[in-house]
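Asks: Whenever a hint applies, use it, and build me the whole structure from the sequences.
Chain residues, written in single-letter form:
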Amino acid sequence: MRLDDLRKEIEEKLNGLGAEVSSKDPNLIEVRVGRDKLVEAASKLREMGLDHVKAVTGIDYPKERFEVVYITSSYSDSLSHFLVNLRVSLPYDDPRIPSLVRVWPSVLYQEQEEKDLLGIEFEGNPRMEERLLLPDSYDGIPPLRKEFKVRVEGIDA
Amino acid sequence: MISSGERELELLIGPQHPASGHMRLVAKVDGDVVVELRPNIGYVHRSVEKLAEVKKYLQIIPLVERPSLADTTANNLAYVMALEKLLGIEPPERAKYLRTLLAEINRIHSHLYGLGIHGVMIGSSTAYMWCFGDREPFLELAQELTGARLTYSYIIPGGVRRDLPAGLGERAERVLRYMENRMRDYFNLYFNNPVVRARLEGVGVLSRHDAINLGITGPNLRASGVAYDVRRAEPYAAYPELEFDIVTEEAGDSFARVMVRVREIVESMRIIRQVIRKIPEGPILHESYEKLIPPKLRESMKQRGMVKFPSVFANLRVPPGEAISRVEGGRGEVVFHIVSDGKLSPYRMRMVTPSFRNVILFEHLTRGVRVADIPAIYGSLDYFPPEADR
Numbered sequence: 003m004r005l006d007d008l009r010k011e012i013e014e015k016l017n018g019l020g021a022e023v024s025s026k027d028p029n030l031i032e033v034r035v036g037r038d039k040l041v042e043a044a045s046k047l048r049e050m051g052l053d054h055v056k057a058v059t060g061i062d063y064p065k066e067r068f069e070v071v072y073i074t075s076s077y078s079d080s081l082s083h084f085l086v087n088l089r090v091s092l093p094y095d096d097p098r099i100p101s102l103v104r105v106w107p108s109v110l111y112q113e114q115e116e117k118d119l120l121g122i123e124f125e126g127n128p129r130m131e132e133r134l135l136l137p138d139s140y141d142g143i144p145p146l147r148k149e150f151k152v153r154v155e156g157i158d159a
Numbered sequence: 002m003i004s005s006g007e008r009e010l011e012l013l014i015g016p017q018h019p020a021s022g023h024m025r026l027v028a029k030v031d032g033d034v035v036v037e038l039r040p041n042i043g044y045v046h047r048s049v050e051k052l053a054e055v056k057k058y059l060q061i062i063p064l065v066e067r068p069s070l071a072d073t074t075a076n077n078l079a080y081v082m083a084l085e086k087l088l089g090i091e092p093p094e095r096a097k098y099l100r101t102l103l104a105e106i107n108r109i110h111s112h113l114y115g116l117g118i119h120g121v122m123i124g125s126s127t128a129y130m131w132c133f134g135d136r137e138p139f140l141e142l143a144q145e146l147t148g149a150r151l152t153y154s155y156i157i158p159g160g161v162r163r164d165l166p167a168g169l170g171e172r173a174e175r176v177l178r179y180m181e182n183r184m185r186d187y188f189n190l191y192f193n194n195p196v197v198r199a200r201l202e203g204v205g206v207l208s209r210h211d212a213i214n215l216g217i218t219g220p221n222l223r224a225s226g227v228a229y230d231v232r233r234a235e236p237y238a239a240y241p242e243l244e245f246d247i248v249t250e251e252a253g254d255s256f257a258r259v260m261v262r263v264r265e266i267v268e269s270m271r272i273i274r275q276v277i278r279k280i281p282e283g284p285i286l287h288e289s290y291e292k293l294i295p296p297k298l299r300e301s302m303k304q305r306g307m308v309k310f311p312s313v314f315a316n317l318r319v320p321p322g323e324a325i326s327r328v329e330g331g332r333g334e335v336v337f338h339i340v341s342d343g344k345l346s347p348y349r350m351r352m353v354t355p356s357f358r359n360v361i362l363f364e365h366l367t368r369g370v371r372v373a374d375i376p377a378i379y380g381s382l383d384y385f386p387p388e389a390d391r
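Protein chains in written order, with this note's numbering: chain A, 3 to 159; chain B, 2 to 391.
For the record, the hints were derived by calculation from the structure and aren't laboratory data. Be aware that a few hints might be false.
Stated by the list, open to error - For lysine-lysine, the following DSS-like pairs were computed, each having C-alpha atoms within a straight-line distance of at most 27 Å: (1) B:Lys51 to B:Lys344; (2) A:Lys26 to B:Lys86; (3) B:Lys292 to B:Lys56; (4) A:Lys65 to B:Lys57; (5) A:Lys148 to B:Lys57; (6) B:Lys56 to A:Lys148; (7) B:Lys56 to A:Lys151; (8) B:Lys297 to A:Lys65; (9) B:Lys86 to A:Lys148; (10) B:Lys344 to A:Lys151; (11) B:Lys292 to A:Lys148; (12) B:Lys309 to B:Lys57; (13) B:Lys309 to B:Lys292; (14) B:Lys344 to A:Lys65; (15) A:Lys26 to B:Lys344; (16) B:Lys56 to A:Lys65; (17) A:Lys151 to B:Lys292; (18) A:Lys148 to B:Lys303.
Replies: Below is the structure:
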């Protein structure tokens, strides 16, 4: 399959969801979608054979927005060459997003990590109340947020 | 903890280094049957992603290697590949072969590490000693090539740090022949041992469907019959020019996962031989970077076969944009997602390691097994806590 064919297929499949689809050589397709249409778009991509998520990246743009990127792909021979990013912007003062754990069970721990370290709420993920990497008692600023400053120690300090 | 009238007992395994690093398994058991098991991770979290936002691009190379002690080349390579995508630079052919050489040496000693730990987890201290002993010749090879035993930092933007030492090809061949002979011993003593078979066969079965659904990666995925390998899906380094097979097994049990690693060692040896035979002559650093080095130093660099970093590397600026890279490491797929805003450090760096992708298997494969099966399953996953925690 060629990148352009896959892009066209995705555009058709997501028709009506207000998704912006773009592609970048050699093998990356980016789908930007509104938070209210996320689950629907994800289900459609899954139906197409994008069967797992490789990474969930949350990005903090202070006072402006959060972005969450699901990097999806497939284990099948025809699609495994491609990566499809599913990207959502969230308002800074309301970082909530529907969880995709029902569409892709492979995001269970990755969403939990982004909640733990970045403070983004994935509604519907069963692990939202539990810490993953941080101590259970931690109640400071989520450390991956830009407002959390790394304290420098040692000779450079 | 047990309260009166309840059948279930909570059993805590760890966090003081239960096997391959600090983590805790929280098991609910009924007698010696596991009702539910949950991994509790984070005890060796190093905050690599946050630190990357305050380190310069070159300083991040050793940083990303640290979590995956036995399998550092995969992280080194994946990180540098993402960087090169942003910089728009391709390493020269010879450097691609050298990257492949180190990656495959590393795959072998990473697999031996995993097999050895698994051995001692199910009570075979001989397998442990053998695997760790036989890792040594491969560590020596890697050391000769890079100057370090484990944390190589060998792969740099635009190339590699050192050229192939004279005579390494012959010494590698001796190591490979030694390992081929040893393989027979391993089968006689360990892999065909009825006790080992009884502990591993049919234990911790992962179906093909679940392996895909849970996003499992590496030998653990291939042992369930999924022929996915990044070296084939999105070939990098010198892999497009080399012949090798993707090893798969159908059974999906602990023994199949062990067998995939064993057979991958054989494939890696095949790749190493091809690299030694086919490696082209030429530079080991991209010419546009080489030009940045003063002529005198450049000359002595070429004679010694070592790269002295061009001084601009210290303040390497990366054009704004995003890049994603993936590499097939020993334990599975390593994914880097770098967001650059054109400054001296990444704006955001996401690093997803194979152990983090596979941690879900602890809860998935242990429902209903006997307590004694926990180490048999744990070991077969080649799970490395620091790699998962990052």
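Asks: Against each hint, give a clear statement of whether it holds in the structure.
Replies: Hints, verified against the model:
1. B:Lys51 to B:Lys344: holds (16 Å)
2. A:Lys26 to B:Lys86: Within the cut-off at roughly 12 Å; holds.
3. B:Lys292 to B:Lys56: holds (26 Å)
4. A:Lys65 to B:Lys57: holds (25 Å)
5. A:Lys148 to B:Lys57: Holds. Lys148 of chain A to Lys57 of chain B sits at ~17 Å (cutoff 27 Å).
6. B:Lys56 to A:Lys148: It holds: about 14 Å lies between the C-alpha atoms, which stays within 27 Å.
7. B:Lys56 to A:Lys151: At roughly 13 Å apart (the allowed maximum being 27 Å), Lys151 of chain A and Lys56 of chain B satisfy the hint.
8. B:Lys297 to A:Lys65: violated (51 Å)
9. B:Lys86 to A:Lys148: holds (25 Å)
10. B:Lys344 to A:Lys151: Holds, at about 17 Å.
11. B:Lys292 to A:Lys148: violated (37 Å)
12. B:Lys309 to B:Lys57: holds (18 Å)
13. B:Lys309 to B:Lys292: holds (12 Å)
14. B:Lys344 to A:Lys65: Cα-Cα ~20 Å, so holds.
15. A:Lys26 to B:Lys344: The given pair, whose Cα atoms are some 23 Å apart, holds under the 27 Å limit.
16. B:Lys56 to A:Lys65: Distance ~24 Å between Lys56 of chain B and Lys65 of chain A Cα, so the pair holds.
17. A:Lys151 to B:Lys292: Cα-Cα ~38 Å, so violated.
18. A:Lys148 to B:Lys303: Violated, because 43 Å separates the two Cα atoms, which is more than 27 Å.
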